[in-house]
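Below are the chains, spelled out letter by letter.
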Amino acid sequence: MTGALLRARDISRRFGGITALAELSLDVGEGEAVGVVGPNGAGKTTLFNCLLGLTPPDTGTVEFDGRRIDRMPVWRRSRLGIGRTYQRMELFRGMTVADHLLVAEQAHAGTVRLWGDLLHHARPSREELDHVESALRLLGLDELADRPVDVLSLGHARLVELGRAMMGRPRLLMLDEPSSGLDAAETARLASIITDVRRSEGTAVVLVEHDLTLVGDVVDRLCVLDFGRMLAVGSVGEVMADERVRQAYLGSGA
Amino acid sequence: MSQLFNYAVPGIPFGCVFALMGVGLVLTYKAAGVFNLAFGAQAFVSGLAFVFLVQDGWPRWAAGIIAILGLGPLVGLVLDRLLFRRIRTASPLVKLVPSLGLLIALPQVALIIAGSTPQIPPPALFLDAQTVYFHLGSVPLSGLELSITVATVLVVAALVVLFRLTPVGLEMRAVVESPRLTELFGINAGRVSAFAWVLSSCIAALAGVLLAPLYSQLNPEDYTVLLVWGIAAAVIGRFASLPLALVGGLGLGVAQQILAGYLPAGIIATGLRPSLPFVVLLVFLPFSRQRQLDDPLADCDPPIAALAGEARGYRAAATLTGDRGDETVAVGLWHRTLHPDGGTSIGRRLLQRPTAVLGWVVGGLAVLSALTWVSPDWLLTMTQGIAFGIIFLSLTLLTGMSGQISLCQASFAGLGGFAAGQFANHLDLSLLAGMVLGGAMAAVLGVVVALPTLRLAGLPLALATLAFALLADNILFPNGWVGNGATGVLVPRPEIGPISFNASRSFFLLALVVLALVAGLVKLIGDGTMGRFLAAMRGSEVAAVSVGIDVHRLRVVVFAVSAGLAGVGGALYGSLQGSLAPNDFNYQISLVLLVVVAIVGLGSISGAVVAGVVYTALLKSLSTLPARYAGLLAVLFGLATLSYTRHPEGVVDYLGNRLVGLVGRLTGRWRDDLPPRTDAPAHPPTGVERVPMAADGVDR
Ligand SMILES: Nc1ncnc2c1ncn2[C@@H]1O[C@H](COP(=O)(O)OP(=O)(O)OP(=O)(O)O)[C@@H](O)[C@H]1O
Ligand SMILES: [Mg+2]
Numbered sequence: 001m002t003g004a005l006l007r008a009r010d011i012s013r014r015f016g017g018i019t020a021l022a023e024l025s026l027d028v029g030e031g032e033a034v035g036v037v038g039p040n041g042a043g044k045t046t047l048f049n050c051l052l053g054l055t056p057p058d059t060g061t062v063e064f065d066g067r068r069i070d071r072m073p074v075w076r077r078s079r080l081g082i083g084r085t086y087q088r089m090e091l092f093r094g095m096t097v098a099d100h101l102l103v104a105e106q107a108h109a110g111t112v113r114l115w116g117d118l119l120h121h122a123r124p125s126r127e128e129l130d131h132v133e134s135a136l137r138l139l140g141l142d143e144l145a146d147r148p149v150d151v152l153s154l155g156h157a158r159l160v161e162l163g164r165a166m167m168g169r170p171r172l173l174m175l176d177e178p179s180s181g182l183d184a185a186e187t188a189r190l191a192s193i194i195t196d197v198r199r200s201e202g203t204a205v206v207l208v209e210h211d212l213t214l215v216g217d218v219v220d221r222l223c224v225l226d227f228g229r230m231l232a233v234g235s236v237g238e239v240m241a242d243e244r245v246r247q248a249y250l251g252s253g254a
Numbered sequence: 001m002s003q004l005f006n007y008a009v010p011g012i013p014f015g016c017v018f019a020l021m022g023v024g025l026v027l028t029y030k031a032a033g034v035f036n037l038a039f040g041a042q043a044f045v046s047g048l049a050f051v052f053l054v055q056d057g058w059p060r061w062a063a064g065i066i067a068i069l070g071l072g073p074l075v076g077l078v079l080d081r082l083l084f085r086r087i088r089t090a091s092p093l094v095k096l097v098p099s100l101g102l103l104i105a106l107p108q109v110a111l112i113i114a115g116s117t118p119q120i121p122p123p124a125l126f127l128d129a130q131t132v133y134f135h136l137g138s139v140p141l142s143g144l145e146l147s148i149t150v151a152t153v154l155v156v157a158a159l160v161v162l163f164r165l166t167p168v169g170l171e172m173r174a175v176v177e178s179p180r181l182t183e184l185f186g187i188n189a190g191r192v193s194a195f196a197w198v199l200s201s202c203i204a205a206l207a208g209v210l211l212a213p214l215y216s217q218l219n220p221e222d223y224t225v226l227l228v229w230g231i232a233a234a235v236i237g238r239f240a241s242l243p244l245a246l247v248g249g250l251g252l253g254v255a256q257q258i259l260a261g262y263l264p265a266g267i268i269a270t271g272l273r274p275s276l277p278f279v280v281l282l283v284f285l286p287f288s289r290q291r292q293l294d295d296p297l298a299d300c301d302p303p304i305a306a307l308a309g310e311a312r313g314y315r316a317a318a319t320l321t322g323d324r325g326d327e328t329v330a331v332g333l334w335h336r337t338l339h340p341d342g343g344t345s346i347g348r349r350l351l352q353r354p355t356a357v358l359g360w361v362v363g364g365l366a367v368l369s370a371l372t373w374v375s376p377d378w379l380l381t382m383t384q385g386i387a388f389g390i391i392f393l394s395l396t397l398l399t400g401m402s403g404q405i406s407l408c409q410a411s412f413a414g415l416g417g418f419a420a421g422q423f424a425n426h427l428d429l430s431l432l433a434g435m436v437l438g439g440a441m442a443a444v445l446g447v448v449v450a451l452p453t454l455r456l457a458g459l460p461l462a463l464a465t466l467a468f469a470l471l472a473d474n475i476l477f478p479n480g481w482v483g484n485g486a487t488g489v490l491v492p493r494p495e496i497g498p499i500s501f502n503a504s505r506s507f508f509l510l511a512l513v514v515l516a517l518v519a520g521l522v523k524l525i526g527d528g529t530m531g532r533f534l535a536a537m538r539g540s541e542v543a544a545v546s547v548g549i550d551v552h553r554l555r556v557v558v559f560a561v562s563a564g565l566a567g568v569g570g571a572l573y574g575s576l577q578g579s580l581a582p583n584d585f586n587y588q589i590s591l592v593l594l595v596v597v598a599i600v601g602l603g604s605i606s607g608a609v610v611a612g613v614v615y616t617a618l619l620k621s622l623s624t625l626p627a628r629y630a631g632l633l634a635v636l637f638g639l640a641t642l643s644y645t646r647h648p649e650g651v652v653d654y655l656g657n658r659l660v661g662l663v664g665r666l667t668g669r670w671r672d673d674l675p676p677r678t679d680a681p682a683h684p685p686t687g688v689e690r691v692p693m694a695a696d697g698v699d700r
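The listed protein sequences correspond, in order, to chains A and Z. First residue of the first sequence? That's 1 in my numbering, and the numbers climb one at a time after it. First residue of the second sequence? That's 1 in my numbering, and the numbers climb one at a time after it.
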């Protein structure tokens, strides 16, 4: 696949005696949605961290849009157009919902702000505010725009994280179990937002999920990870029919 | 080789005490969740009690039992109950400030209660301190050294037995591994952590008693130094391993004696020994980050629960205020809203900001008074307050806005002051130019501190900056070209052309202008894009980098700006006093600065200014009291520390929120436009078939 947006090759990572990732390769095409599933501890979160640079991989290369990114600092990779959410949510405590989106929007532009702040009391530009407004509407969070995230329900908090990752029109969204802790209605809403964004912006998505209905709704292709290895790749139906996958999930007796 | 041996052996008793401190610190840190800096103070209190009891004719063994097994754990338990139990899960700053406050307050309280200092030289726990009992090789071993070493060996043996062989020891090891997991097994982690407090307090008390005879007079500052060595030992143990902390402490004791033996005389060399903890901290702290400092099960917390503590503060504020204009500081720290609900009429706007109105009125009256009827020495106090206000503003920026805890802010201020004086004296510059240059030098120092500590946050960062302050005290400031040792540096009053600021009123005005400039700068940063980035970094560094913020660079910048502002404040202070000595801004001052501004309010400009004025005014009014009550400030300090755990947003913001609420109620705007509650918990799915793979509730 030559036109891959993200191309990871032979990523390995060990933690002490644990092999979290073993020579794993993953391609994500432009606009493609790839699901990643696997039992707890399979290495899914570690894969995300290695791709984005939060955890440096022991071996392997990562390319984004044809450029090697594995030596770049995390913030630069993100500015290239990769948005990400966290399984264990990482919100900016004490900041409002709107500020979360605004920070992400402004960080993507990436200009130095100190002098601007000092010289002309830099207020967010009209354009930035418009982007924030429309994101709030898309997420259905306009009512809560001025609330600190600390008091949001889990479902809303996950939406804020998703929104923050979507600011600055990333070309790739990496979502780590966005539905964990949500109820069915909230999950459905999440799925429709992801689908909307994909349709309107052509954003590629890597979705780590345990909830297979959500995965089935969103992804084009499914990868199964087990002990840091790629166990199976294919359409959702194919993969779930695979004998090895069933064993990995349900134990050898199944 | 035998030379090395001769240097090393006398280091062992020191090492023993360091090791005891380190072990105690790790014990409470792991079992009770608090890195208890008040440990040094607990050691001092027991040491003091021991010497007094012996002076009153008690036999040493009885005095030892009372001080070590009675008073020690008592103090520990009281602190646990009153204070530390409540802040177990709080943010690093909220955990740090009370223990720092107690470190300063507790010895003073003890001295006030005692009423005097002991008349006898502190005795050893057993044996005669000065007598040499035998020689190891050619090294004479005195009773002091023997008693320390023997007592430590006994305690360590007892600890090993306790941990290996007794049920409570096993439980404690389990709690140290993971309090949460232990509770799941039906063990009361609270009881176990109380036991850990008792145990570690006994250890602190023992260290305090053992150490006493090293000094002819008991002095809290020596115990703070001891604490710093203990911290270094705990860091070698990566905050987690008791044996490693033990070995680390011993190693440090030996190493510092060897250093002292081999190094030539001179400032750098004599400074190097007390700075050894700094080197250790810088080398070892990064490793402590690699390991999970917390409970391995910490990940199992539902995310919202971790936020709940702060949400409570927010709700309290929202309930009180009824509205949230952009002045309202919800959780104390620079929380802004994007759309301030601007009222239409000026009157209405003023009513929405009663705190601002009150602040300006009081401030204006104070300035008017200063310029008309205030007596010269109170004018001096007010000017000092302004200088400290500027230094506090540097902490507002660094700690309040961006969440970086600095325990070396006084070093920045000191360097700024020294540099300003040196430039003015040697280059014949006006002090105003000197002040700018001093600020610039301090900013450079800020970068020097920021760069090696980029990967640290929270407690490790605080400790690294503390170590840095020690380094500055011992190696940088004693030099003739910096702080000129005990003599200090003359810092002249500035002149601009024909205008001289020698008169106290004109200097007051100058200070006011500088304050306004600095406050304006901090406000512009806080309200601007950079303030938002800083708030993001404070909220979650991981998330900040992954939205594209260059967190490392931001940290270097904010450290530089903050250090520069502190430097300007220090220069202003020096110029006011006419001279500046290293002790005016030693590391203890850094601790005091952080505690004071945190208590008064890190969340706003006014908090810093009020902190400066209140702090100097208190110092001044207490200086008129008889000597016996000199420690009263420290007592106040301790009480304020207690209140801080309830109101981490600080006194100013707390009262401000109350005032806003009151005015809101009086003007009938009570809760009218508060948005509906949306913080109901997410419902668990009911009647919805889920794919079996969904591992909700466990996996998060
Ligand atoms: N920082 C770390 N230190 C040590 N081990 C780690 C670290 N991070 C992950 N691991 C280990 O690596 C393995 C993979 O973890 P990872 O979090 O990537 O799994 P996962 O697939 O995301 O699991 P889950 O479904 O539970 O989220 C696990 O065995 C985990 O214990
Ligand atoms: Mg995971």
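It should be emphasised that the hints constitute simulated quantities derived from the structure, not laboratory data. It should be emphasised that the depicted structure is a prediction, and the values quoted were computed from it without experimental measurement. Just so you know, even glycine gets a beta-carbon here, dropped at the ideal spot from N, CA and C. Misleading hints may appear alongside valid ones.
Stated by the list, open to error - Simulated restraints, written as ranges between beta carbons of each label pair:
#, chain 1, residue 1, chain 2, residue 2, range
1, Z, Thr89, A, Glu133, 33 to 43 angstroms
2, A, Gly17, Z, Thr166, 51 to 61 angstroms
3, Z, Ser500, A, Pro73, 18 to 28 angstroms
4, A, Asp65, Z, Val542, 56 to 66 angstroms
5, A, Thr61, Z, Tyr262, 27 to 37 angstroms
6, Z, Ser579, A, Arg14, 52 to 62 angstroms
Said to hold, decoys possible - Reference listing, derived: stretches of chain Z covered by chain A, where coverage requires no fewer than 3 residues with Cβ under 8 angstroms from a Cβ of chain A:
#, stretch
7, 527-539
8, 543-555
Unchecked claim - Just a sample of chain A residues kept apart from chain Z, beta carbon distances all over 10 angstroms, derived:
#, residue
9, Ala4
10, Arg14
11, Val74
12, Glu90
13, Ala104
14, His108
15, Arg164
16, Met167
17, Leu231
18, Glu238
request  = Measuring Cβ to Cβ, find out whether Arg164 (chain A) lies farther than 10 angstroms from everything in chain Z.
outcome  = Non-interface label fails for Arg164 (chain A): nearest chain Z Cβ at 6 angstroms, not farther than 10 angstroms.
request  = Take a look at whether the Cβ-Cβ distance between Gly17 (chain A) and Thr166 (chain Z) falls inside 51 to 61 angstroms.
outcome  = violated, 31 angstroms
query = Beyond 10 angstroms from chain Z, beta-carbon-wise, is Met167 (chain A)?
reply = Contrary to the label, Met167 (chain A) does not stay out of reach of chain Z, its closest Cβ about 7 angstroms off (not over 10 angstroms).
query = Ser579 (chain Z) and Arg14 (chain A), beta-carbon distance inside 52 to 62 angstroms?
reply = For Ser579 (chain Z) and Arg14 (chain A) the Cβ distance comes to about 59 angstroms; the hint holds.
request  = State, for the Cβ atoms of Asp65 (chain A) and Val542 (chain Z), whether the hinted interval 56 to 66 angstroms holds or is violated.
outcome  = violated, 24 angstroms
ask   = Should the label of Ala104 (chain A) as a non-interface residue stand, given a Cβ cut-off of 10 angstroms to chain Z?
value = violated, 4 angstroms
key: Verdict for Thr89 (chain Z), Glu133 (chain A) (Cβ pair) under range 33 to 43 angstroms   = holds, 36 angstroms
query = So does Ser500 (chain Z) sit 18 to 28 angstroms from Pro73 (chain A), Cβ to Cβ?
reply = violated, 51 angstroms
query = Was His108 (chain A) rightly flagged as not at the interface, with every chain Z Cβ beyond 10 angstroms?
reply = At roughly 5 angstroms from the nearest Cβ of chain Z, His108 (chain A) sits no farther out than 10 angstroms, so the non-interface label is violated.
ask   = Beyond 10 angstroms from every Cβ of chain Z: is that where the Cβ of Ala4 (chain A) lies?
value = holds, 21 angstroms
ask   = For Val74 (chain A), is the shortest beta carbon distance to chain Z beyond 10 angstroms?
value = Per Cβ check, Val74 (chain A) is inside 10 angstroms of chain Z; nearest 4 angstroms; violated.
inquiry  = Can you tell me if the stretch 543-555 of chain Z counts as covered by chain A, using C-beta to C-beta distances under 8 angstroms and a minimum of three residues?
reply    = holds (count 10)
In this structure, the hints that do not hold are numbers 2, 3, 4, 5, 11, 12, 13, 14, 15, 16, in rising order.
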